[in-house]
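Undergrad: As a plain string of letters, each chain reads:
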Amino acid sequence: MGSQNRKNNVLPGFTPALGYTIFYLSIIVLIPLSALFFKTATLTWDQFLVAVSAPRVLASYRVTFGASLMAALINGFFGVLVAWVLVRYRFPGKKVIDALVDLPFALPTAVAGITLASVYAPNGWLGRYLEPHGIKVAFTPLGIMVAMVFIGLPFVVRTVQPVLEELDREIEEAASCLGASRWQTIYRIIFPTVLPAILTGFALAFARAVGEYGSIIFIAGNMPMVSEITPLLIITKLEQYDYAGATAIATVMLVLSFLLLLSINLLQKLSRRFAE
Amino acid sequence: MQVAKHHKSGVKGSRSTTEPAWVRYLLLAVALGFLSLFLLLPLAAVFVQALDKGWEAYLAALKEPDTLSAIWLTVLTAACCVPVNLFFGIVAAWAIAKFSFPGKSLLITLIDLPFSVSPVVSGLIYVLIFGLQGWLGPWLQAHDIKIIFAVPGIVLATVFVTFPFVARELIPLMESQGRDEEEAALTLGASGLQTFFRVTFPNIKWGVLYGVILCNARAMGEFGAVSVVSGHVRGSTNTIPLQVEILYNEYSYAAAFAVASLLALLALVTLVLKTVAEWKIQQTLSEAESER
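Protein chains in written order, with my numbering: chain A, 1 to 276; chain B, 1 to 292.
Just to be clear, a hint being listed does not mean it is correct.
Here are the simulated lysine to aspartate or glutamate pairs, EDC-like style, with alpha carbons at most 16 angstroms apart [to be verified]:
#	chain 1	residue 1	chain 2	residue 2
1	A	Lys-95	B	Glu-278
2	B	Lys-205	B	Asp-112
3	B	Lys-104	B	Glu-175
4	B	Lys-205	B	Glu-278
5	B	Lys-274	A	Asp-98
6	B	Lys-205	B	Glu-183
To give an idea of the interface, some chain B residues facing chain A are shown, with a C-beta separation under 8 angstroms as derived from the structure [stated by the list, open to error]:
#	residue
7	Ala-31
8	Leu-35
9	Phe-38
10	Asp-52
11	Thr-109
12	Leu-113
13	Val-117
14	Pro-119
15	Val-127
16	Leu-128
17	Leu-188
18	Gln-194
19	His-232
20	Gly-235
21	Ser-236
22	Ala-267
Listed next, the stretches of chain B that the computed footprint assigns to chain A, with coverage defined by at least 3 CB atoms under 8 angstroms from CB atoms of chain A [said to hold, decoys possible]:
#	region
23	55-64
24	71-79
25	129-138
26	143-151
27	207-220
28	238-245
Worth flagging that the hints you see were computed from the coordinates, not collected in a lab. The model shown is predicted, which means the values in this text are computed figures rather than measured ones. The beta-carbon is built from N, C-alpha and C at its ideal position, and this holds for glycine as well.
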């Protein structure tokens with residue numbers, strides 16, 4: 001079918017365009033990424049296991065994945081709420097707020113990092129009110145989560161928002177004509193339709209949080225075993241010239257992010273089928 | 001704060017498709033409260049702390065030679081990355097959106113790959129290739145070429161992390177526009193390049209702008225990947241984000257935030273241009289729809 005389509009297609013430049021695409025993709029992305037696997041392959045299985053399962057490394061997985069999961073859950077809730085408010089309600093300044101949702105995409109992570117650290121520090125704008133209540137955010141795992149919430153928010157809003165916009169209002173009207181309460185309509189009609197988008201946004205926010213570095217290291221405190229994230233551990237190993245150790249941990253992270261990417265793709269396919 | 005009583009759909013006050021007023025106000029308040037706390041407050045904090053010691057200290061911090069050299073390196077990096085990724089994005093979108101071939105969705109996934117790789121890993125892979133212990137390390141050292149802990153490494157790592165921006169914006173846009181207009185131009189005797197510049201490009205120019213803006217913002221703001229390959233040599237291999245880190249770690253907070261405020265301004269300009277581009281893309285698409 002593909003070749004037939006190409007024969008009918010009078011547009012020029014297919015071969016050079018595809019050739020260049022694959023060439024550039026290979027030299028910039030695929031070959032460098034394969035370096036990671038080749039370097040890991042030079043380790044024996046035992047060396048690899050020791051490198052990726054040392055207590056300090058395991059603790060960093062716990063911190064990274066635990067905080068990412070919490071942050072993605074918070075983003076899942078507030079992201080849906082923000083998307084709902086932006087799609088369904090009218091209020092002054094809506095366009096500005098809508099544009100500002102993308103701020104975490106646009107604001108460099110180092111800037112987000114030092115700002116969040118200073119706002120939540122014990123003498124910071126928010127920290128000074130939290131500290132007397134015994135809530136320490138900056139330089140604790142809680143701070144890591146706050147940074148992850150910041151960088152992950154747009155993912156949920158921007159995946160859920162278009163689905164909410166596409167929702168057919170007539171179905172809601174029909175539901176209510178048939179006697180459904182508003183809550184039943186939301187729970188039985190709207191929620192199931194939006195669920196695949198929520199899960200996709202959740203997975204995207206989670207994946208981003210797991211790999212995040214710049215916005216976290218300033219607020220994390222970076223205490224080994226307590227508030228040290230896995231990407232930081234990779235850098236620490238590199239600075240100690242432990243290339244093998246750094247590469248082994250990086251491979252684990254890369255494989256995990258591939259698996260996440262795969263599940264996100266599946267979710268999107270699922271939601272497209274759902275839409276049809 | 002005012003909440004519109006009726007929805008756009010015009011179902012007047014119909015209880016069936018909207019929530020009671022108090023629920024609407026509550027949801028709106030919670031959502032806006034959350035956004036103010038997590039987005040607006042940190043944004044305001046950057047500028048307030050940058051001007052903490054007054055305008056003169058602010059300007060002095062920006063005029064530091066190390067800061068100026070960081071600004072120069074950042075602009076240089078973006079000036080290298082954006083054009084190569086722009087060219088790639090257009091070429092890839094042409095092949096993927098205008099033709100059908102097996103393995104297309106795999107190719108799209110591979111193009112998106114850099115987005116799902118941790119920035120730290122993005123830097124690490126170039127160290128593994130060009131670093132002293134890497135594949136090409138000994139050869140590069142023998143020929144006295146420095147890539148890692150030098151400017152080429154910074155540019156390469158930045159090209160990697162900004163790789164998908166233009167392509168992923170243009171592919172769906174060009175797919176939605178089909179190829180009728182190009183076919184018409186070619187049938188009427190236009191050459192391939194004429195067709196691209198006179199027919200395709202005007203249709204995708206706002207999409208191109210959108211991709212370029214996001215690519216540029218990430219290129220200028222990238223921290224993790226650049227941090228791994230830069231070597232942090234003051235005044236020579238520090239980009240603006242790395243300079244912010246150094247100042248912050250030296251406890252010169254006002255100076256760190258002054259330099260950071262440049263990046264925050266860049267982010268705001270990015271958001272404005274991005275919103276305009278989105279609006280124009282919508283306009284182009286709906287115009288094309290109405291013509292059909």
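Undergrad: Indicate, hint by hint, whether the structure satisfies it.
TA: Status of the hints after comparison with the structure:
no. : hint                  : verdict
1   : A:Lys-95 - B:Glu-278  : 12 angstroms, holds
2   : B:Lys-205 - B:Asp-112 : 21 angstroms, violated
3   : B:Lys-104 - B:Glu-175 : 13 angstroms, holds
4   : B:Lys-205 - B:Glu-278 : 11 angstroms, holds
5   : B:Lys-274 - A:Asp-98  : 12 angstroms, holds
6   : B:Lys-205 - B:Glu-183 : 19 angstroms, violated
7   : Ala-31                : 4 angstroms, holds
8   : Leu-35                : 6 angstroms, holds
9   : Phe-38                : 6 angstroms, holds
10  : Asp-52                : 10 angstroms, violated
11  : Thr-109               : 7 angstroms, holds
12  : Leu-113               : 6 angstroms, holds
13  : Val-117               : 6 angstroms, holds
14  : Pro-119               : 5 angstroms, holds
15  : Val-127               : 7 angstroms, holds
16  : Leu-128               : 4 angstroms, holds
17  : Leu-188               : 12 angstroms, violated
18  : Gln-194               : 11 angstroms, violated
19  : His-232               : 11 angstroms, violated
20  : Gly-235               : 18 angstroms, violated
21  : Ser-236               : 19 angstroms, violated
22  : Ala-267               : 4 angstroms, holds
23  : 55-64                 : violated (count 0)
24  : 71-79                 : violated (count 0)
25  : 129-138               : holds (count 5)
26  : 143-151               : violated (count 0)
27  : 207-220               : holds (count 3)
28  : 238-245               : holds (count 5)
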